[in-house]
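Participant: Each chain is listed here by its residues.
Number of protein chains: 2
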Amino acid sequence: MAVSTKAEILKAIRNSKDYISGQEICDKLGVSRTAVWKVIKQLQAEGYDIEAVTNKGYCLLSYPDILSSSELMSRINTKWAGQRVYYHKETESTNDDARYLAEEGMEHGSLVVADHQTAGKGRRGREWVSPPGEAIYMSLLLRPDFSPERASMLTLLMGISVAEVISGLYKDLKVNIKWPNDVLVQDRKVCGILTEMSAEPDYIHHVVIGVGINVNQTYFPPEVADVATSLRLCQGEMIDRAQIIVAVMEYFEYYYGIFAERGDVSDFVHIYDSYLINRGREVKVLDPKGEYTGVAEGINDKGELIINKSDGTAVTVASGEVSVRGIYGYV
Amino acid sequence: MAVSTKAEILKAIRNSKDYISGQEICDKLGVSRTAVWKVIKQLQAEGYDIEAVTNKGYCLLSYPDILSSSELMSRINTKWAGQRVYYHKETESTNDDARYLAEEGMEHGSLVVADHQTAGKGRRGREWVSPPGEAIYMSLLLRPDFSPERASMLTLLMGISVAEVISGLYKDLKVNIKWPNDVLVQDRKVCGILTEMSAEPDYIHHVVIGVGINVNQTYFPPEVADVATSLRLCQGEMIDRAQIIVAVMEYFEYYYGIFAERGDVSDFVHIYDSYLINRGREVKVLDPKGEYTGVAEGINDKGELIINKSDGTAVTVASGEVSVRGIYGYV
Numbered sequence: 001m002a003v004s005t006k007a008e009i010l011k012a013i014r015n016s017k018d019y020i021s022g023q024e025i026c027d028k029l030g031v032s033r034t035a036v037w038k039v040i041k042q043l044q045a046e047g048y049d050i051e052a053v054t055n056k057g058y059c060l061l062s063y064p065d066i067l068s069s070s071e072l073m074s075r076i077n078t079k080w081a082g083q084r085v086y087y088h089k090e091t092e093s094t095n096d097d098a099r100y101l102a103e104e105g106m107e108h109g110s111l112v113v114a115d116h117q118t119a120g121k122g123r124r125g126r127e128w129v130s131p132p133g134e135a136i137y138m139s140l141l142l143r144p145d146f147s148p149e150r151a152s153m154l155t156l157l158m159g160i161s162v163a164e165v166i167s168g169l170y171k172d173l174k175v176n177i178k179w180p181n182d183v184l185v186q187d188r189k190v191c192g193i194l195t196e197m198s199a200e201p202d203y204i205h206h207v208v209i210g211v212g213i214n215v216n217q218t219y220f221p222p223e224v225a226d227v228a229t230s231l232r233l234c235q236g237e238m239i240d241r242a243q244i245i246v247a248v249m250e251y252f253e254y255y256y257g258i259f260a261e262r263g264d265v266s267d268f269v270h271i272y273d274s275y276l277i278n279r280g281r282e283v284k285v286l287d288p289k290g291e292y293t294g295v296a297e298g299i300n301d302k303g304e305l306i307i308n309k310s311d312g313t314a315v316t317v318a319s320g321e322v323s324v325r326g327i328y329g330y331v
Numbered sequence: 001m002a003v004s005t006k007a008e009i010l011k012a013i014r015n016s017k018d019y020i021s022g023q024e025i026c027d028k029l030g031v032s033r034t035a036v037w038k039v040i041k042q043l044q045a046e047g048y049d050i051e052a053v054t055n056k057g058y059c060l061l062s063y064p065d066i067l068s069s070s071e072l073m074s075r076i077n078t079k080w081a082g083q084r085v086y087y088h089k090e091t092e093s094t095n096d097d098a099r100y101l102a103e104e105g106m107e108h109g110s111l112v113v114a115d116h117q118t119a120g121k122g123r124r125g126r127e128w129v130s131p132p133g134e135a136i137y138m139s140l141l142l143r144p145d146f147s148p149e150r151a152s153m154l155t156l157l158m159g160i161s162v163a164e165v166i167s168g169l170y171k172d173l174k175v176n177i178k179w180p181n182d183v184l185v186q187d188r189k190v191c192g193i194l195t196e197m198s199a200e201p202d203y204i205h206h207v208v209i210g211v212g213i214n215v216n217q218t219y220f221p222p223e224v225a226d227v228a229t230s231l232r233l234c235q236g237e238m239i240d241r242a243q244i245i246v247a248v249m250e251y252f253e254y255y256y257g258i259f260a261e262r263g264d265v266s267d268f269v270h271i272y273d274s275y276l277i278n279r280g281r282e283v284k285v286l287d288p289k290g291e292y293t294g295v296a297e298g299i300n301d302k303g304e305l306i307i308n309k310s311d312g313t314a315v316t317v318a319s320g321e322v323s324v325r326g327i328y329g330y331v
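So the sequence lines, in the order shown, correspond to chains A and B. The letter at position 161 of the first sequence is residue 161 when you use this note's numbering, and the numbering goes up by one with no holes. The letter at position 206 of the second sequence is residue 206 when you use this note's numbering, and the numbering goes up by one with no holes.
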């Protein structure tokens with residue numbers, strides 16, 4: 001049974017307002033009664049609470065927080081982003097998986113999702129702690145036709161997408177972005193983004209955008225408890241992870257379309273800056289040539305952070321690390 | 001027997017002006033007589049014409065055009081470039097090999113060399129025809145600590161290195177560079193360079209510089225015979241490929257050291273421009289936003305090509321493709 005057929009059957013049952021008969025599913029999707037029955041059994045075994053009533057049909061009463069390919073592909077309403085999902089219950093790193101699949105020819109917009117990473121990666125080779133079952137670990141493959149120096153802007157697009165999704169779903173929460181790529185909720189980190197690319201100096205082979213979102217964790221180790229949190233801890237309830245993934249794909253596809261046409265982030269500067277926690281605050285720039293401080297004003301069309309230095313000059317920061325006083329201290 | 005010990009024994013025999021005794025080799029390298037004897041047998045089997053005379057010792061009379069790790073490591077006099085050589089008689093692509101080894105932790109300066117590529121790669125996914133035994137296919141792994149936008153300059157450094165080696169060895173030949181990355185001899189292509197990187201937008205994981213050099217080919221297919229040639233066809237003699245590789249590593253290490261300190265190619269602009277075949281010639285720029293023509297003046301400190309347009313304005317070309325009128329026509 002192809003994943004897409006399974007996803008289609010799941011979608012038909014979910015979208016039905018009342019019971020949907022096996023025959024109706026067969027007619028709609030052009031599959032056999034036996035095939036439908038097998039899929040229902042599979043879904044029930046995976047944890048979907050599907051009621052089967054003679055002469056009425058099937059009804060999805062409730063289902064657990066599931067991230068399978070069928071679950072995601074039955075819910076994602078996009079043209080390309082996340083249209084093909086590769087799900088792993090456990091893997092080393094979704095970014096590595098996406099990269100290997102990219103080399104095998106996996107198409108633009110393919111998404112790798114895992115419930116658990118055993119070797120999750122952060123920026124610059126750091127670790128991204130990835131305990132099982134409670135968070136989102138996903139990597140989106142892109143095959144852009146622009147040059148490598150624009151890849152940094154993709155990180156910003158993903159940051160905006162995640163921030164928009166969280167603030168759209170949970171309107172009472174304070175959602176911010178710490179330039180360039182962390183999403184904070186209630187002043188603590190909820191999401192990190194790791195963009196990696198394989199490129200020639202003037203030509204991108206592919207880009208993988210890895211996204212880690214703390215969703216349902218209730219515990220963080222003491223060494224990060226002050227700076228990290230989860231949506232569940234902020235919102236006080238279990239969160240449906242698939243809903244978050246689906247919404248992020250939709251937002252990202254929308255923003256990517258505008259970005260690809262425009263060639264820069266000029267259309268998003270105002271949205272990004274509205275989330276920017278660094279904005280108007282004193283920041284310390286850890287430049288290899290020497291540290292300096294200034295006030296972050298926002299981003300420019302290229303996604304660089306504009307900083308007004310104490311001597312009255314303005315500089316833009318394109319890479320490296322900016323530490324925000326008062327948020328993480330000087331860490 | 002470790003590759004390096006084999007290389008050391010080969011080096012001792014090669015560097016000896018007269019016969020060198022087995023005992024002298026043992027004393028020098030701290031290995032047993034049996035070990036020396038085994039290595040000599042191996043080398044003879046590989047094609048080295050090593051004469052063994054009782055009471056005198058060993059003498060290297062001649063040797064064929066061999067690219068093994070031992071051969072190369074016994075001849076390379078550098079600090080890091082090519083200090084570790086991974087040789088394949090046949091492989092798909094030395095760039096891919098170097099990339100896989102990079103992910104396994106292979107150090108900066110490691111070199112993959114092959115006698116034959118079955119899936120050789122050119123720029124932008126094109127094929128690089130790689131018949132066995134006559135050419136050089138090699139890929140150098142670098143782990144630079146500068147940002148990705150500088151990677152394009154590494155291509156230029158390698159181009160200069162190859163051009164310097166060829167013009168140093170064969171002073172009567174006309175050696176040129178076609179910006180950014182082809183080396184031409186007698187107006188035909190002898191060398192192509194494919195630089196690939198794995199990077200975050202502001203952080204390089206590693207760079208692989210692939211170099212293909214036409215050395216001893218005597219035949220090119222009709223479709224490329226007008227634009228490609230080999231050193232042998234130009235010089236009229238068989239060429240020792242290892243000598244070329246060794247010299248390219250030495251030049252590259254030298255130039256890389258200056259570049260890494262300086263941060264740009266300002267110290268090489270005059271050398272590069274002296275080889276630049278496009279210089280002072282009309283070129284056609286295939287910009288996606290529209291083609292235009294102009295006269296190429298040389299490169300700037302970033303390695304970009306400076307073009308004086310017919311309307312009197314100057315532009316710089318950082319990427320994309322420039323076609324040189326009169327050399328390859330408009331191809």
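Be aware that one or more of the hints could be misleading.
The list treats identical chains as interchangeable, and a pair is accepted whether it falls inside one copy or across any two copies.
Said to hold, decoys possible - Lysine-lysine pairs mimicking DSSO-like chemistry, simulated, CA-CA at most 30 Å apart:
1) K56 <-> K79
2) K11 <-> K28
3) K289 <-> K174
4) K17 <-> K189
5) K28 <-> K289
6) K302 <-> K289
7) K174 <-> K28
8) K289 <-> K79
9) K11 <-> K309
10) K302 <-> K11
11) K189 <-> K28
No wet-lab data here; the hints were simulated from the structure.
Participant: Hints first: check each against the structure and report whether it holds.
Facilitator: Here is how each hint holds up against the structure:
1. K56 <-> K79: neither (34 Å within a copy, 78 Å between copies)
2. K11 <-> K28: Only inside one copy: K11 and K28 sit 12 Å apart there, 76 Å across copies, limit 30 Å.
3. K289 <-> K174: neither (35 Å within a copy, 42 Å between copies)
4. K17 <-> K189: Intra 38 Å, inter 68 Å, cutoff 30 Å: neither.
5. K28 <-> K289: The answer is neither: 64 Å in one copy and 46 Å across copies each exceed 30 Å.
6. K302 <-> K289: both (22 Å within a copy, 19 Å between copies)
7. K174 <-> K28: Neither: 44 Å inside a chain and 71 Å across chains, both beyond 30 Å.
8. K289 <-> K79: between (45 Å within a copy, 27 Å between copies)
9. K11 <-> K309: So K11 and K309 fail the 30 Å test inside a copy (54 Å) and across (59 Å) alike.
10. K302 <-> K11: Cα proximity of K302 and K11: none, with 40 Å in one copy and 54 Å across.
11. K189 <-> K28: neither (44 Å within a copy, 60 Å between copies)
Of the numbered hints stated above, those contradicted by the structure are hints 1, 3, 4, 5, 7, 9, 10 and 11, listed in ascending order.
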